[in-house]
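S.K.: Line order of the protein sequences matches chains E and D. Here my numbering is used: the first residue of the first sequence is 1, the next is one more, and so on. Here my numbering is used: the first residue of the second sequence is 1, the next is one more, and so on.
Which chain D residues face chain E? A few, computed with CB under 8 Å, are given here:
1. Leu370
2. Trp454
3. Leu461
4. Pro463
5. Leu472
Calculated from the structure, these hints are not laboratory results. C-beta: ideal position from N, C-alpha, C; glycine also.
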Amino acid sequence: MSEQAKTGQRPADVYFFATCVVDQFFPGAGLDAITLLERAGIRVHFPEEQTCCGQPAYTSGFPDEARKVAAQQLTLFPNDWPVIVPSGSCAGMMKHHYPTLFANDPARKAQAEALSARIHEFTDFLVNVLGWQPEDKGGECTVVLHTSCSARREMGVHLTGRKLLGDLAHVTVAQQDHESECCGFGGTFSIKQPEISGAMVEDKVKSLKATGAERVVSADCGCLMNILGHAAWKDRQEGRAQPSLPGEHIASFLLRRTEERSGK
Amino acid sequence: MNAQPIHFKPSEGFRGRAKAVVDNPFLRQSFRGAMDFLMTKRAAQFPDAEELDSLRTLGEHIRQYNLGKLPDLLVQLEENLARNGIHVHWAETPDEANAIILGICQKHSAKLMVKGKSMVSEEIELNHAAEAAGIGALESDMGEYIVQLAGEKPSHIIMPAIHKTKEEIATLFHEKVPGVDYTDNVDALIQIGRRVLRQKFLEADIGLSGVNFAVAETGTLCLVENEGNGRMCTTAPPVHVAITGIEKIVEKLEHVPPLLSLLTRSATGQNISTYFNMISGPRKPHEKDGPQEVHLVLLDNGRSQAYADDQLRKTLQCIRCGACMNHCPVYTRIGGHAYGTTYPGPIGKIISPHMLGLEATATMATASSLCGACGEVCPVRIPIPELLMRLREESFSAPHENPAMRGQGAGYKPWVTAIWRGWAAVYRSPSLYRLATWLGSRFAWLMPSNQGPWTTVRVPLKPAPKRLRDMLKERG
Ligand code: SF4
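Chain E extracted, bound-state conformation (with noise of 0.2 Å):
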């Protein structure tokens, strides 16, 4: 428990950095995460200038383009408030790397390692700064966690998923083989080596459906866009018309679980 959690002091206001793809791909998660935190009595504010973190050049080996995208985001947050970010692998950007992306410009650094020390992944900041107990209002249900793997190495977040599902009285959470293995996403990796990347996804998502699961949750929408995006193809190729691997943002799973009257 951190140490905020223990002496109890719940900050009162939280930026949240929607990360681009949720923004545009995923808005339901990101708006089904505020309204989470706002009912557990946090104002959240949502800085109109954020883009993107600037990931995505970065791990494809275009530092100055991402510095650029960056540097944007630096001056986003300037009250002294947590910033909490969806998305595992976006926070890992913002928290690990900021720093050394700006290793020689001192100005910026220095902003990027105050920001660097108020980045929150979402589930973290629930479970650890919040100490936040869900109250399961669904019925039975099965659900398989997928974490990123920049989540799970750069942040713990497969801890923080598991345990938030794991309060949830009424869920079983199954639990998949290789459950730790990349699902084959990595950003241009996925375009760039199509047939290496599919392998992997195809592998991931037949590990997810033996589980027998409902649905799969994730703290991060680059992976389920892949995942979800190759069991919708399989689907298509198969010929069915009900998804056989369901899935959403876990920010959406925990807030229908704790609504009044929730379904799955």
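Please build the complex by placing chain D with the ligand on the supplied structure of chain E, with the hints as guidance.
M.R.: This is chain D with the ligand only, laid out in the frame that chain E set:
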């Protein structure tokens, strides 16, 4: 810096080779099984996460400490080896290394060289050079022996024949070893190999080996192995030639035990290897066995290029345990041969560009999702994903003066750089970003259903009809 001519570009045809394995369910299954086995064995060796953590930190520190003093240590090593009666040779390129080794062979009119497992000898393609010079080179490590019989190259740095099933090995022995009937009994196969090799150890004029750690202060060469063939190679023939890269050096004997323990536990999940040899010179007058002459060839082959750059230098921390490949989801899908380099897997991706130049290896660094499994298990904490990003940058940036790497800019394509510049121009400007994403959400229906490589196994990507910022505004 070496200027080895490029005769083979592993980058070329990589995707095709990878696809061939990915499309073969049998190979997919067999690599998966083998890697699962190795991962389980390693995990059993490190039940205590904290102990592992501190051991890895120790391993990292030892390697960095020694690399920090590398030039001095090399001088010290040479002096102490010479004092122990071991001849030291320096080779900048594979060709030079081969010339040195063949020179030693010729001086002794050698006809047969028997080899212990040595990836550096694979790196310089010694077998090839020896055969061209009319000298037989026989692999004596069981895995290497199998690979040599099959006319192939190792597909893994620790388990050279991991891509072969026992049935394939049975057929190979039956066809290639005179007088052997087909058997797929593993023990029987090992006995067949041993019988053949035992005779050769006695006939050989030269024994060749690699080196796992060269100790500068004592002038000792340490060799880790499981089959005893390494000990045979380094003691039975009259001349022992060891070859290693210049980075495999430690200053003190006390640096060896922690690295050895990390090596065997990470590599094969063994507490300790069956054999651990410490070679400190040729046979002394009163001794009954051991070689009469011992040589060490120290190979650069691009290592000094990695050394010259603080970040790239971390590549040289490697102790060649192979754990990064065992845990790599890409290696698990495509196996070692697809890489086309002597060293496959994550370590291969970060070390090969120094050996072969980025011209030959530019696209290899893209064959990673940067999942970080390699960096997480590396016993000496090499930040492999970080190095892969660096290699991408070196390869895709426009060629410039005084590059840190040979072949810098080899993957440079002006239009790709232009795309990223355009991307940055949009994403650094809130108003352009808002415009672009608004257009995206409005005209999502215009998104093509064929989105190139993405849609080969996925449904097309489509922006949501409303962005999060729109939803927040509507909500008020
Ligand atoms: S890079 Fe690390 S994990 Fe890979 S072989 Fe070298 S020491 Fe082992």
